[in-house]
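Enquirer: Please model the entire structure based on the sequences and the hints provided.
Chains as they are written, first to last, in the working numbering: chain U, 1 to 379; chain R, 1 to 75.
The set of hints was computed from the structure by calculation and includes no laboratory data.
Any given hint could be a false lead.
Simulated DEER-style distance windows between Cβ atoms [said to hold, decoys possible]:
1) 62/R x 69/U: 35 to 41 Å
2) 39/R x 125/U: 47 to 53 Å
3) 349/U x 62/R: 41 to 47 Å
4) 25/R x 225/U: 45 to 51 Å
5) 21/U x 69/R: 44 to 50 Å
6) 59/U x 62/R: 19 to 25 Å
No farther apart than 30 Å at their CA atoms in a straight line, the calculated lysine-lysine pairs in the BS3-like style are these [unchecked claim]:
7) 173/U x 272/U
8) 70/R x 26/U
9) 18/U x 69/R
10) 42/U x 26/U
11) 59/U x 69/R
Ideal placement from N, C-alpha and C gives every residue a C-beta, glycine not left out.
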Amino acid sequence: MRNDLSIQKSTRRSLTIKFIDEYRNKKLIDEAVEAIRNVSRKEVTLMEVCGGHTMSIHKFGIPSLLPKNIKLLSGPGCPVCVTSRNFIDDTLECSKQDDIILTTLGDLIRVPGTETSLFKEKARGSDIRIVYSILDAIKIAEENKDKKVVFPGIGFETTAPLSATALIQTRDKGLNNFFILSAHKIMPPVMTALIDEGVKINGYICPGHVSVITGIQIYKPIVENYNLGCVVSGFEPLDILQSIYMLIKQIEQDSPALENQYSRAVKPEGNKKALEMMYRVFEPIDDWWRGIGNILNSGLALREEFKSFDARQLFDPLTRIDSNKDMGCICGEILKGLKTPADCPLFNKACTPVDPVGACMVSGEGSCATWYRYAREAV
Amino acid sequence: MCLSIPAEVLSINGDMAEVSVGGTKYNANIELVENVNIGDFILIHSGYGIAKIDEAEAMDTLNLMQEIKKKAGRK
Ligand code: SF4
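Expert: Okay, here's the thing in structure tokens:
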């Protein structure tokens, strides 16, 4: 979304923003907190998977509203944070070619590759342009027909359909100088992989905007096979507290279930058209998650029919395996919910948003960047 | 980058719509959302509409805790 912070700032001055402000109402929030306190007895740990939730939780100080027996953990749902070092090195390789304009969302630009970052290469003169949306990248391709324009596609089911739709549009327009470097990923495999790895949680706060596209049934196997409650949640404080309430109630009654708190935006069946677009253009492949490792069928690659739009034909993509070790960075364990940024000796010392060591400190939705912004003093 | 924002649809021109977020106007592609009308609220993500917001469901969510309280009181 285009410059989200500036939107929030500029709108704060205006009257009210429908579908946001009501869900920040203090009275309703107090009621939700009271309802949680009334039902909660057991020691529980809930994981929010989505980076957007992590941000809201800390921005609105939700942990301080909860009884001590409820712990929230952040999971691997920040697309920038889980993007592999290989992928960053590939985008860097791409950006070095004279006939390529590399367009990127701002979030990706400071993520460290093995030796450098897009930010440093831009400063050195590579043609790297920050865009707000893939639509801007396509515009650049239309205006620079003598160049190849590459857009690194990152993000989960929320953004993959947008890349797919944009690709189909460019194909229909006959534009042949636009390419995608896909690192798109899907959510359910990593959610089950974490539990398989032994991460101890009692329920999932499921990603709202992924679910807008996928619908809610993708979480059913987690409920059925792992006995874990899954509640699809919105992003305002009232949404998150209600979702916590629903999960706590399930846990206290020993009846894990799939529930949809974010029903104003998430239909049970999702956005069928977007999903259809996504699978028309992409197919599942095994993919590497930074700090976590290789996960079966967790990534999205361009289908044969769309291979002519694959940026990987423009340079020699790397084949080496990513390393989990990032100079002492414990992003991996944080993404798995095993540790928090407070456990990292580099936090707010060698690693800050201006000079990040790991990807979790780069994206606004990364756990480390979120803690840096809202909970630095507590560390 | 996972943030999506609720925006009001002001006008529609084919696959594109002009939308307003608390008075600030943006253009969004609405190809992926079915049956969009002027006055609807849609979630905008990276320049695309991804869902229509359901007003009745939105009200239900706001009233959820009241309902729970009422039910608890009745027990
Ligand atoms: S603070 Fe920096 S080095 Fe430590 S885990 Fe977070 S990103 Fe990695």
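Enquirer: Evaluate each hint against the coordinates.
Expert: Right, here's what the structure says about each hint:
The given range of 35 to 41 Å is broken by residue 62/R and residue 69/U, whose C-beta atoms sit roughly 27 Å from each other. In this structure the hint that residue 39/R and residue 125/U lie 47 to 53 Å apart at CB holds, the actual value being about 48 Å. Range check, residue 349/U to residue 62/R: about 44 Å between beta-carbon atoms, so the 41 to 47 Å window is met. Checked against the given bound of 45 to 51 Å, the beta carbons of residue 25/R and residue 225/U, roughly 47 Å apart, stay inside it.
The beta-carbon spacing between residue 21/U and residue 69/R, approximately 22 Å, falls outside the hinted interval of 44 to 50 Å. Look at residue 59/U against residue 62/R: about 20 Å separates their beta carbons, and that is inside 19 to 25 Å. A threshold of 30 Å between alpha carbons decides the hint, and for residue 173/U with residue 272/U the separation of about 24 Å falls inside it, so the pair holds. A C-alpha spacing of about 20 Å is found between residue 70/R and residue 26/U, which places the hinted pair at or below 30 Å, so the restraint holds.
Between residue 18/U and residue 69/R, the direct Cα distance comes to roughly 25 Å. Compliance with the 30 Å bound is thereby established for this hinted pair. This hinted pair checks out: residue 42/U and residue 26/U have alpha carbons roughly 26 Å apart, not beyond 30 Å. Taken as a hint, the residue 59/U and residue 69/R pair is honoured in the structure, with Cα atoms around 28 Å apart against an allowance of 30 Å.
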